[in-house]
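Asks: Residue-level listing of the chains:
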Amino acid sequence: MEKTTRRDLTIILGAILLALLSLTLLGNLTIDSSTDAFMPTSSPVIAVNREIERQFGSMDALVLGVSVPDGSILNTNSLELIDLLTQRIALLDSIDTVTSITNTDHMQAGTHGFEAVPLFAGTSPLQLDELTSRLAEWPEIYDGNLVSADRSMAAIIIQTTTGTGQDELGSLLDQLGELVDTVGHDQESFSIIGLPVVKQQINRSLMSDMSILVPIVGLLIILVLFFSFRRVAGIFLPLVGLVLSAATTIGIMAVLDITFTMATMLVPVLLLIVGSAYAIHVMSHFYEEVALLNRNLGPSETRIIIGEVLHRNRLPIIMAGATTAAGFIAQFTSPLAPFRTFGLLSAIGVVLSQLSSLYLLPAMLRITYRKGIDPIKLHTQREMEREFKGHSILGLLERIATKGGIPLTVISLVLVGATIVSIPTIKTGTNMLDFFQPKSAVVRDTKKFNETMGGSGILTVMVDGKKASSILDPSFLRTLDIFANTMEATDGVGKVQTITPYIKRMNLLMNQDSIPYALPLQEQTDFDFFSGTFGVTGDAKPELLPDTADVAAAWDAGTYDEIPTEPAKYGLETTSDLQNLISQYLLLYSGNLGSFINDTLEPNATLVTIQLQKSDTTTLREVHSAVTAFWDANVPEGWDYALGGGEAISLALTDLITRSQIYSLAGALLIVWLLVSIIFRSPLAGLIALIPVAFALMGIFIFMALLGINLDVITSLLAALAIGIGVDYAIHFLSACRRLSCSTGPNKGLGVVMRTTGRAIVINAASVTIGFSGLLFSRFIPIQQMGILFCVSMVFAGLSSLTVLPMVLNRWQPKFLLERSAPALQVEPDDLPERRISP
Amino acid sequence: MKKTSHALGITLILILLLPWLLAAEETGNSIMQKVMDTQAATSSAMDIRLTLIDSNGEARERRIQTLSITENGLTNTITVFLSPASVKNTRFLTRERSDGNDDQWIYLPALGRVKRIAASEGNGSFMGSDFTYADMASTTYDTQEADHTLSGDAVLLDRQAYIVQSVPRIVSPYVKTITWVDKESFLPLRVEFYDKDTADPSKVLTTEEVALVDGRWLTRSITMRTLANNHSTRIEILQAKYDIPMNSGYFTTTFLETGRTQ
Chain Z
1 MEKTTRRDLT IILGAILLAL LSLTLLGNLT IDSSTDAFMP TSSPVIAVNR
51 EIERQFGSMD ALVLGVSVPD GSILNTNSLE LIDLLTQRIA LLDSIDTVTS
101 ITNTDHMQAG THGFEAVPLF AGTSPLQLDE LTSRLAEWPE IYDGNLVSAD
151 RSMAAIIIQT TTGTGQDELG SLLDQLGELV DTVGHDQESF SIIGLPVVKQ
201 QINRSLMSDM SILVPIVGLL IILVLFFSFR RVAGIFLPLV GLVLSAATTI
251 GIMAVLDITF TMATMLVPVL LLIVGSAYAI HVMSHFYEEV ALLNRNLGPS
301 ETRIIIGEVL HRNRLPIIMA GATTAAGFIA QFTSPLAPFR TFGLLSAIGV
351 VLSQLSSLYL LPAMLRITYR KGIDPIKLHT QREMEREFKG HSILGLLERI
401 ATKGGIPLTV ISLVLVGATI VSIPTIKTGT NMLDFFQPKS AVVRDTKKFN
451 ETMGGSGILT VMVDGKKASS ILDPSFLRTL DIFANTMEAT DGVGKVQTIT
501 PYIKRMNLLM NQDSIPYALP LQEQTDFDFF SGTFGVTGDA KPELLPDTAD
551 VAAAWDAGTY DEIPTEPAKY GLETTSDLQN LISQYLLLYS GNLGSFINDT
601 LEPNATLVTI QLQKSDTTTL REVHSAVTAF WDANVPEGWD YALGGGEAIS
651 LALTDLITRS QIYSLAGALL IVWLLVSIIF RSPLAGLIAL IPVAFALMGI
701 FIFMALLGIN LDVITSLLAA LAIGIGVDYA IHFLSACRRL SCSTGPNKGL
751 GVVMRTTGRA IVINAASVTI GFSGLLFSRF IPIQQMGILF CVSMVFAGLS
801 SLTVLPMVLN RWQPKFLLER SAPALQVEPD DLPERRISP
Chain H
840 MKKTSHALGI TLILILLLPW LLAAEETGNS IMQKVMDTQA ATSSAMDIRL
890 TLIDSNGEAR ERRIQTLSIT ENGLTNTITV FLSPASVKNT RFLTRERSDG
940 NDDQWIYLPA LGRVKRIAAS EGNGSFMGSD FTYADMASTT YDTQEADHTL
990 SGDAVLLDRQ AYIVQSVPRI VSPYVKTITW VDKESFLPLR VEFYDKDTAD
1040 PSKVLTTEEV ALVDGRWLTR SITMRTLANN HSTRIEILQA KYDIPMNSGY
1090 FTTTFLETGR TQ
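Chains as they are written, first to last, in the numbering used here: chain Z, 1 to 839; chain H, 840 to 1101.
There's no promise every hint is true.
[What the hints assert, rightly or not] Calculated cross-link-like contacts (lysine-lysine; reagent style BS3-like; alpha-carbon spacing at most 27 Å):
| no. | chain 1 | residue 1 | chain 2 | residue 2 |
| --- | --- | --- | --- | --- |
| 1 | Z | Lys504 | H | Lys927 |
| 2 | H | Lys873 | Z | Lys569 |
| 3 | H | Lys927 | Z | Lys466 |
| 4 | H | Lys1022 | Z | Lys467 |
| 5 | Z | Lys447 | Z | Lys427 |
Just so you know, the hints here were simulated from the structure itself, not pulled from any lab data.
From just these sequences and the hints, can you work out the full model?
Replies: Rendered as structure tokens:
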């Protein structure tokens, strides 16, 4: 075996082994689809949420909604079903508490005091009536939380233990789904709501989406390769290289323990598409070279041709790769870690694709054509290419470029204007629910729950008074009550949960026999049993309390349905006495209010939960600013407050994404400009090369505005990528112009460039566009939208590089194109004379 | 002579085996009965400090004193809260009834009146601690309340201990508990509480200090840790008196309201 063949076989086997090894590591990949994965752990909102979770327990509640199509859920069958589910769910793993109308205690007035009775005692007609009247007695707590106001839906609220991981949550949701499927029911329907459900749905779909997208994109690339080369080797060889480099990139992810997120999942697909361009480049040049020669080529001649193709294409491929990688590397400026990881991985992937095109592909070509090649067999393709060269579209584009200066300028200005108008109208925000199709179960269930109950979006406010018992200050509690009422009147807010209804309720129950302003002040005796003789020297004559029921009937009990703020009304002297009274009420709740206060008796912090029925960015911003405005004006001096909850993360993420977009856009433009300026040794060349890039960006922004596409975790990756890929066209075009304009003059040279490089750009743009159109088959809306926008941007970049770019070059004839020292960046078949193959 | 030596031999073997035979006689039930007996008293007075420690190590203190008296097999208990300041002088009376429904009254000093409470607080947290009201009453079950199985023995805190698994027959927040019982004092050295049939307990009670006072074994300090949130509560018995004469007037609503026994 020859030395070269041995080396080629080593390269091929090495690449295959590397890819296989990478695939064996697939199982090590960790997946985190949640948008939490995007938030920097140092972000203030993450710190707030962590603190809230520490002080008030886990916030990611799951809700199982049970509803009936008509009538009331308060019927025997439905209640028995809810009771059964409540009990069965409590036995599942990772469950902290399960709350529903069937296991909640109701507090009501009792003989000389209060009693906590089961809200649901049974299903006899009398008990059902009792349940109905109890629910009506305390709507602040029950309505929209445990049961809908119209009584068509009841909720089973499932709180998981703090620190429950994604895997445990996944298995819990599976068990829950199984339970719901197997439990016997009649007319009731179920819906499982909550952020964990959405996260799990994305997680599950992420992998299956990948397994659909990769073959589809692969198939589309095969189609492009087929139409380009119409040969088995022409399809098979580039594909092998692409698959191997994509697989190796996944292996690198596994080795570096990089989490598979919504952003990084796109890397393998993007690499298939972007990498195909390099392979197509090498393959088409090889076939062109061979087709130019009208005789059978022996093994050594074939090897020489391969060597020459490589020699001429190495620099363009490296440069095109460098600019594409630059687009990816610009993601390093992002404040979002998954974007930086995405940038790094894609850049590595691009380098791998380049290496594959420059080493693996030639090795495979040499092995495939080790016995030589017969150009006759390539005639079909050659004829097709000749035909294509004279294609009227390219001629038309050339005419537009040379003669359509005014219309082109007008169109460009219109596009600039449209972009300026469009940008402010682009919506921002990453609502994970928007990832799903509107008809999907998770969206449908959440919508129904939001319409019927308090709302599934959660925004929390933690108010910290710093000192023990500060939260129990009556004037603060009254402010809290006003806050809840104000927020509940705000659009998009379904329900606001605070500690105040519990205090009001206990105040009412404990003062059933009180007469306002008439209570004598009690003398307080301090006790220390151990200081005496345990009362044995005294003569105890215990008496029971006199019956005070008659007193109770004398006044309106409703007067005590309040936060106690007037000491005199309660026979007390100071506000601090009232504070103690409230603390003593809390003692009676036996630590059940842990989700509202951070200490059972003397809390210094309280948590308010705002349930949102709408989670779009506009509503979120309005609610967020209403909350901020209220507390800025009302928070007592020395206290502070912070906003947390899933929706606060979502809002912070939106702001970070916008920032990330601006940074990575500026970064990508700067890097690409620098690179091109260096390559052509002219800053002007750098600027001119940005023309197709500018059009690609204008296309993206205009279509985002037109189609109402949000700038979110996925679509924000786009602009920097479009820059990296779009600039390739400019580089190819400028290189060709520089090389040809010297010998033939700009105008004539332009025609040649259009027919040669222009054709290559059309094929390149078409193949990348077709590849990206595969993203339309994703089940995630943002990925579909990314596919659309990428296609748009490639069409804009392609067209502008064949019209506006040549127009500018033709009109201004920049000096850098006339320099003789220009590197031979690209050689097109037409410009090659009949060559002799020298051994 | 041969017969005598034979009899001596048997006696010797019996003597040697006696501790083993005695030990072997212990069953889950007998051990737990001894645990209950050790802690039983006709009356008791305790001065208790509870220290609530959150996952960050921040501590909050509560102090209570309790008096209890057992007459005719029924126990009455009064608890007085000494701190924190906001609930100081709150008094809580429980009178056990033979039908199992305890009577409960509370006196809130800021309200100035006694209120009757009808609620099963068994599962509620006692003053925000890791102990439920039921745990405060007892961390082990009576022989009538659970099936106890002796599952082995171990050395804990340098002391020999039985390991008893208890599956409650009564309504309980726990599906089972595993108790390490000191072979000498019959005090629980460690109790694991399982609220589900899982491998890990939800709460673990550990005894930190035991003492022999006036011939009676006492637990001085115990800590209950909730594993899910790493929150714990330490209970220290600052003072304790058992089987002392006590005025039954303490266990009345009059005392609750007036702070006086007459």
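Asks: Does each hint fit the structure? Answer for all of them.
Replies: The hints, checked one at a time:
no. : hint                   : verdict
1   : Lys504(Z) / Lys927(H)  : 22 Å, holds
2   : Lys873(H) / Lys569(Z)  : 54 Å, violated
3   : Lys927(H) / Lys466(Z)  : 21 Å, holds
4   : Lys1022(H) / Lys467(Z) : 47 Å, violated
5   : Lys447(Z) / Lys427(Z)  : 21 Å, holds
In this structure, the hints that do not hold are numbers 2, 4, in rising order.
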